[in-house]
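**Q** Listed below, chain by chain, are the residues.
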Amino acid sequence: MKKFVFLLCVLALIVPAHWVFAATPQKGGSLTICVGDEPPGLDPTASASAAIDRVVYANIMEGLVKVDRNGQFVPGLATKWDVSPDGKVYTFHLRKGVTFHNAEPFNAQVAKWNLERAAAEDTKNAHPEFFRVIEKAETPDDNTLKLTLKDVDALFIVHMAEGDAVMLPMKGFENMAAEPIGTGPFKFAKWTRGDSVEMVRNEKYWNPRLPYLDKVTYRFIKDASAQVAALKAGDVDIIGWLLAPELAASIAKDKRFKVLAGASTSEVIMSTNNKAKPFDNKLVRQAIAYAIDRQAVIDLVMSGYGTIIGSHWPPVTPYYKDMTGLFPYDPEKAKKLLAQAGYPNGFEATIKLPAIYPYAQRAGEVIADMLGQVGIKLKVEVVEWGYWLDRVFKQKDFQLSMIGHAEAWDIGIYANPNYYFQYDSQEFRDAYAKALKAPNEAEKTKWFGRCQEIVAEDAVNGFLFLAPALSAMKADLMDWWKDYPTIAMDCTEVWWKK
Amino acid sequence: MLRYLIKKTVTLVLLLFLVSITVFSVLFVLPGDPAQIILGINATPEVLANLRAELGLDRSFLGQYTDWIGNLLLGRSQQSIHYKMPVFELILGSLAVTGPMALIAMLFALVISLPLGIYAARHQNRPGDVTVMFGTQLGLATPEFWFGILLTLLFSVQLGWFSAGGFPGWNNDFWGSLKALLLPAFALGVIRASILTRLTRSSMLEVLREDYVRTARAKGLKERTVVYVHALRNALVPILTIMGLQLGQLLAGAIIIENVYFLPGLGRLVFNAIGQRDLPVVRDIVLFMAAAVVVVNFIVDLTYAALDPRIRLQ
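Quick note, the sequences are listed as chains W and F, same order.
Going by this note's numbering, the first sequence wraps up at 498, each residue one higher than the last.
Going by this note's numbering, the second sequence wraps up at 314, each residue one higher than the last.
In short, the hints are calculated from the structure, not lab data.
Computed from a predicted model, the values in this text were never measured in an experiment.
A few of these clues could be false.
Coverage of chain W stretches by chain F, computed from C-beta distances (three or more under 8 angstroms per stretch; other residues unrestricted) [to be verified]:
id, region
1, 127-135
2, 223-233
3, 391-398
4, 405-414
Dumping the calculated BS3-like pairs for lysine-lysine here, alpha-carbon to alpha-carbon at most 27 angstroms [to be verified]:
id, chain 1, residue 1, chain 2, residue 2
5, F, K84, W, K222
6, W, K190, F, K179
7, W, K215, F, K219
8, W, K258, W, K434
9, W, K204, W, K215
10, F, K7, W, K190
11, W, K474, F, K84
12, W, K222, F, K7
Computed footprint of chain W on chain F, listed as stretches where at least three residues anywhere in the stretch have a Cβ under 8 angstroms from a Cβ of chain W [said to hold, decoys possible]:
id, region
13, 194-207
14, 289-302
Ideal Cβ positions, reconstructed from N, Cα and C, are used throughout, including at glycine.
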């Protein structure tokens, strides 16, 4: 022990001071982030595109509530909020002295106008239902917003933290999609179409300590190998979402870089048309669930990155219930169930895979092989995204497909029998309604858990894995979010170690 | 000459009209709703309807078509759905990348193919010729994107001489922009040089057998003058034709290379626009590309007359 203390003392003497204090963030520097998809406009209140939120949310625009790197709901433009005992009245206490990038002040009237605009008749907000639960919005003073809901809504705070609920200025909001204005730590500077979006530090940010970076540039590179080449050649500092997980190991080996493998909220599922034969038979769906070796899927498709899921709920999100043990890999049992369902020799089916997602194509091929082993012959059809949206999603003209559902808290889609899975279960709808009206945490845990149980037991879709939040960056880049508990790439607290 | 010009202009207008109807109809029946792509899969039908109305997608086939053509004839640009800016500006901006890149690529192709082709023709069936022909075989078999990635790995990742892609913009950094175009232009140029080398060789071989070349040699001209002045000039006509086609193709077809080098060019613009169902952008670019091919071929026709006085433009 003495020796150890001595060694420590010696080390303290020879290690330069800035090593010891390296954990203290330093200001300055610029960051170039590589992402795959260029956003369709830069207004998160006019589109549900994840590409918009990844650039704009929490960087340029903020809402009343924020999500932190651990997935917790923390104060954004509201410093705190009180909920009445009956769960229907939310009183938001707004941050004082906040101004938009165009110098307009942010106050309770502005917040009220934003919420009413999202719920209006002619709204272009992708989720007006988030806001239509509000019956009455009052502004007792400049910094207090009192919202009375029509009914208890367990997801209200969740929704207020989504990109759809960011606060825009009342004047000059029309051109948001081309020139976004918000209250965030970075100000929009320039969008070079087809290439990049640039933003610079907001000197008047409400938190004077933040941000650390002077400039952030998002660069759009769709090709997976071009992304890695750009990182290695120094054209970008970080790949925010690595499209080629098989390259992660080789990047991590290089001392100049590091790879963070965290969790996202995107459940990759083999979506199943519950009204198409023979998938309308629960036994068939359960047989498929037994026939899929999920760990092998993760190993083959994502090079081992990703987490097995057993239901439609990200393990990083509160109220998660582990359903992964329900259908362990068991091809014999799958064959038995198929025989019981009336298909002792299996059957033929088609799986339609969206071409824009490389993981979907690979997973489709792997699963086609696995199902082949229990007698289900899958015909693989790769389709273009517009076609997928029209034929698979809208017209429900499919048997099986494969896609990542990126939004957290979206289990409510199973309550809609017209959603493209065409899952129709009164039991689920009742459980979900109870979850939404749950007055306390214990009830929420119970009913959101029950929702996960029901869709897992019914094997509504092939629940495969949670997509990894895989980022690769220069070794000196600090405090990048390891997990992506919400759809965002928040650069507020990111800094360079010099 | 004037008659020729009028004839070409009429052809151009007719062609553009046919292209406009074709591209409009194809995009009209193509599955995939732009509003749905913007709003995502969880949007409510009511919001979809609102957005469709704003984008004018709820109007009839004829209504949408006349709206587009009418605006075009008046010189007014439609707004890009995805980029929220006038389509004309988008096309101009991306041409500033693709145009120079195509020209540099053709320059590379010319500089490589002419000397090699002439050399091969003059050393027909000897080892030099066989080597060149083998090289062009290899060039023809090489996929562009693979060659592009190879160049990046060598010059950007290993040597660090060039950036791996991207485009700083002519106004920000002229030399940097030029440098950014060199690798992609080289990748495009080398592949095209393979075709041109073979063409130069066969064209030269044909011309070198002509009587006037024998006459030129007989009257005691230097071999160099015979080959480079008398023979090459006549051999250039078919080469120019193919170059014209290649240039038109490069303006439209550098999609893959532009993706490998993430250049904000015309090919990538139209590729993304198709994926996003940014219909105004797709329509205008297809029209522009058709016009560009016609104009480039027109210029090629003019150079024929300059090269070979026997050719009259009628």
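**Q** Against this structure, judge whether each hint is valid.
**A** Consistency of the hints with the structure:
1. 127-135: Held - the region 127-135 of chain W has 3 residues with a Cβ nearer than 8 angstroms to chain F, which meets the minimum of three.
2. 223-233: holds (count 7)
3. 391-398: It holds: at least three residues are needed, and the region 391-398 of chain W offers 3 whose Cβ sits within less than 8 angstroms of chain F.
4. 405-414: As far as the region 405-414 of chain W goes, the hint holds, because 3 residues have Cβ atoms under 8 angstroms from chain F.
5. F/K84 to W/K222: holds (21 angstroms)
6. W/K190 to F/K179: The hint holds at about 23 angstroms.
7. W/K215 to F/K219: violated (72 angstroms)
8. W/K258 to W/K434: violated (44 angstroms)
9. W/K204 to W/K215: With Cα atoms ~15 angstroms apart, W/K204 and W/K215 stay inside 27 angstroms; holds.
10. F/K7 to W/K190: violated (45 angstroms)
11. W/K474 to F/K84: It is violated: about 33 angstroms lies between the C-alpha atoms, which goes past 27 angstroms.
12. W/K222 to F/K7: Violated: W/K222 and F/K7 sit about 44 angstroms apart, past 27 angstroms.
13. 194-207: violated (count 0)
14. 289-302: Our answer is that it is violated, as 0 residues pass the Cβ test (under 8 angstroms) against chain W, missing three.
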